[in-house]
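Assemble the whole structure, with the sequences as input and the hints as a guide.
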Amino acid sequence: MYAKKFVREIVRQSSLICGTNSARRSVTTWSPLGNSFNTKPSKKMSFLSREGLFRIPELFDPNGFYLLRDNSIAECDALVNECLSPNRQRKLVEVFDCLSNSLCKVADMAEFVRVAHPNGNYSHAAEGACLSISQLVEKLNTNRELYLALKAVVDSKDIVATDPVDNHVARLFLFDFEQSGIHLSDDKRAKVVYLNDCILYTGQQFAANAMRPSAVNRDTVPSNIRSFFPKDEDKLLVTGLFSDAASEAAREVAYRIYLHPDKKQDDLLVNLLTARNELANYCGFPSYAHRALQGSLAESPVLVAKFLEDLADKLAPRAERDFSVMTQMKGHPVHVWDPPYYTLEARKTLFKASRTEFLPYFSLGACMEGLNLLTQSLYNIELIQDEILPGEVWNPDVYKLSVVHGTEGKLGDVYCDFYEREGKPHQDCHFTIQGGKELANGEYQNPIVVLMLNFPAPSGSSPSLLASSMVDNLFHEMGHALHSMMARTKYQHVTGTRCTTDFAEVPSILMEYFASDPRVVATFARHYKTGEPMPEELIMKYSMAKHVFAASDMQMQNFYAALDQSLHTNNFPLENSTMNILEQVHNKFYGLPYVQNTAWHLRFGHLVGYGSKYFSYLIARAISTWIWQEYFQADPFSSSNGEKYRREVLAHGGGVPAKKLVSNFLGKAITSDNLSQALIIDLDENQKRLDSFLKN
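According to UniProt numbering, the sequence shown is numbered sequentially starting from 1.
Hints listed in this document are in silico derivations from the structure and should not be mistaken for laboratory results.
For glycine and all other residues, C-beta sits at the position ideal for the given N, C-alpha and C.
Certain hints may be false.
As the list claims (entries may be wrong) - No more than 30 Å apart at the CA atoms, straight line, and that leaves these computed lysine-lysine pairs for DSBU-like:
# : residue 1 : residue 2
1 : 40        : 306
2 : 188       : 157
3 : 660       : 330
4 : 231       : 263
5 : 263       : 191
6 : 410       : 40
7 : 188       : 151
8 : 157       : 306
9 : 348       : 541
As the list claims (entries may be wrong) - Using C-beta positions, here's what the derived DEER-type ranges look like:
#  : residue 1 : residue 2 : range
10 : 121       : 573       : 43 to 53 Å
11 : 389       : 546       : 36 to 46 Å
12 : 389       : 185       : 48 to 58 Å
13 : 535       : 218       : 45 to 55 Å
14 : 389       : 535       : 13 to 23 Å
What follows is the structure, given as structure tokens:
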């Protein structure tokens with residue numbers, strides 16, 4: 001049968017690529033890397049070590065933050081003087097980057113310690129350092145002498161010869177300056193400062209309210225579903241959409257109550273949007289979306305709007321197919337509260353495999369071995385566990401990896417904080433502690449990053465076992481880390497993930513394609529007890545399950561992005577209420593009917609952090625899909641294509657305009673049709689494989 005032949009072929013290919021039988025080896029021992037990540041570290045913590053956090057000597061105790069802060073302030077004073085000196089010997093952009101580097105090395109590291117360190121003394125001292133550096137940045141952002149010196153260089157030329165990278169980074173610094181309105185008159189600049197404060201305060205309130213549960217009288221909820229909701233005295237708390245509830249009545253009630261319009265929240269949103277629009281207008285942009293997209297891969301709201309509309313048209317029949325299947329499963333038409341539930345049900349029913357069947361094959365150690373095999377194959381890069389010295393880390397569960405190239409040597413360090421614990425921020429993310437950059441002495445300042453995830457800790461003889469979504473998250477975040485490691489940029493201001501949002505997600509989303517590819521999974525999915533490889537049929541179920549109802553899921557993401565764009569490009573004061581805008585966008589971009597008197601957008605906290613850039617995920621996925629199709633779909637272990645991708649994409653960070661970088665690598669223009677078509681080709685190919693697998 002096609003499916004079984006496909007499985008055998010991908011296994012054969014991965015065996016040839018990785019060495020004889022390496023992909024399907026039956027072993028009972030782990031490599032040192034796998035062993036280390038399958039065993040919880042058992043180290044005694046010392047918060048008073050002379051080594052200091054991240055091996056920074058000053059941080060052997062919390063007071064070191066004050067010394068780092070003072071040193072950074074003194075260094076910045078000297079660099080500002082150099083910028084303004086008529087006898088300057090270096091390129092102005094080089095001095096600016098040294099200034100940025102001095103600030104970021106303290107601010108980035110302190111911000112991480114502030115949110116992650118369990119010791120209150122450390123987190124408090126880090127918060128103080130963050131505040132001091134923030135105040136210094138605000139002072140620099142209003143230094144007109146500094147701004148005018150930079151503007152003169154950008155508008156004409158520097159006294160020292162520059163190259164295209166220098167000029168690009170100088171323009172980025174200038175744009176950062178002008179974001180603060182420094183080029184405006186005093187009264188307008190004061191207004192910009194005021195508006196920024198309003199946006200920050202209003203956004204914080206909106207985001208906090210978006211997460212709050214809805215409390216309702218018990219009598220408003222039918223008695224047969226009250227048990228689904230937690231109690232608070234005589235009230236029931238609806239804490240979310242309860243999308244996985246088996247009862248449709250519970251899903252519907254949760255949807256209608258949790259998304260019920262809230263006048264106070266709507267006022268906050270209108271105030272936020274109005275302030276953003278006014279800020280953009282003061283800075284010379286027709287809308288906040290134009291301001292936010294300046295320099296991005298998409299470049300303007302025009303391309304974004306066309307892309308979202310093109311994608312909506314192409315998705316519509318494919319999403320309708322998904323909804324038709326869901327309707328058959330349900331027995332009557334599906335509603336907006338149904339798709340998440342029936343997606344989970346379809347995976348269980350169609351593949352006849354439970355979550356627990358996959359888990360034993362995806363220990364953290366196995367997944368880290370898979371990542372190591374992949375980076376060696378693609379980039380000649382090895383992940384090597386490094387010794388952690390007393391006082392170097394903030395928790396004994398942290399691992400440290402050295403990222404080492406076969407001929408170029410060490411590229412940087414990755415600290416892995418992977419296990420959930422009380423008090424730890426519940427977020428999966430990548431923190432830059434130190435950015436990479438060329439130093440004046442010819443050496444390279446290697447990057448240092450932290451990956452923070454929330455996996456179950458090892459228990460007894462069982463290592464940390466990862467669900468499918470956790471494997472994807474691990475590969476995704478490692479994609480960010482590898483971007484940071486392999487970006488060998490001249491300037492730290494544009495190193496690694498310090499690039500436009502829609503491009504920063506490309507390397508991490510691309511890694512998700514590797515994590516789902518059966519040929520890659522076959523190289524590392526092994527039972528944590530026996531070392532036996534994951535059965536071929538189970539590999540296919542694991543891979544194919546991720547494509548169930550993928551079109552309708554993408555349609556929902558497209559709707560979210562379109563709503564975000566609409567809210568940030570409308571005329572102000574708003575001609576329509578936000579409720580009317582929601583309904584119009586919903587009916588145009590989503591295939592299930594809008595439910596009257598529901599205000600989904602008032603729960604959309606990403607409007608604060610992603611304001612007018614929520615589309616970035618879809619465009620990044622389109623670019624990632626395009627790169628996958630062109631370079632890695634035929635052979636996910638291709639060292640020649642891996643090296644090409646490393647040299648022509650990852651190495652540049654944000655040092656080359658994103659649109660130019662991607663267009664050059666793919667050999668095609670970045671158009672709305674090319675972007676949407678890449679996503680549709682991927683959807684259709686995966687649907688064809690899924691249909692064939694299920695048929696057989």
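Now the hints, each set against the structure:
no.: 1; hint: 40 / 306; verdict: violated, 49 Å
no.: 2; hint: 188 / 157; verdict: holds, 29 Å
no.: 3; hint: 660 / 330; verdict: violated, 48 Å
no.: 4; hint: 231 / 263; verdict: holds, 25 Å
no.: 5; hint: 263 / 191; verdict: holds, 27 Å
no.: 6; hint: 410 / 40; verdict: holds, 25 Å
no.: 7; hint: 188 / 151; verdict: holds, 19 Å
no.: 8; hint: 157 / 306; verdict: violated, 37 Å
no.: 9; hint: 348 / 541; verdict: holds, 10 Å
no.: 10; hint: 121 / 573: 43 to 53 Å; verdict: holds, 49 Å
no.: 11; hint: 389 / 546: 36 to 46 Å; verdict: holds, 40 Å
no.: 12; hint: 389 / 185: 48 to 58 Å; verdict: holds, 54 Å
no.: 13; hint: 535 / 218: 45 to 55 Å; verdict: holds, 49 Å
no.: 14; hint: 389 / 535: 13 to 23 Å; verdict: violated, 43 Å
Checked against the numbered hints above, the structure violates hints 1, 3, 8, 14; every other hint is satisfied.
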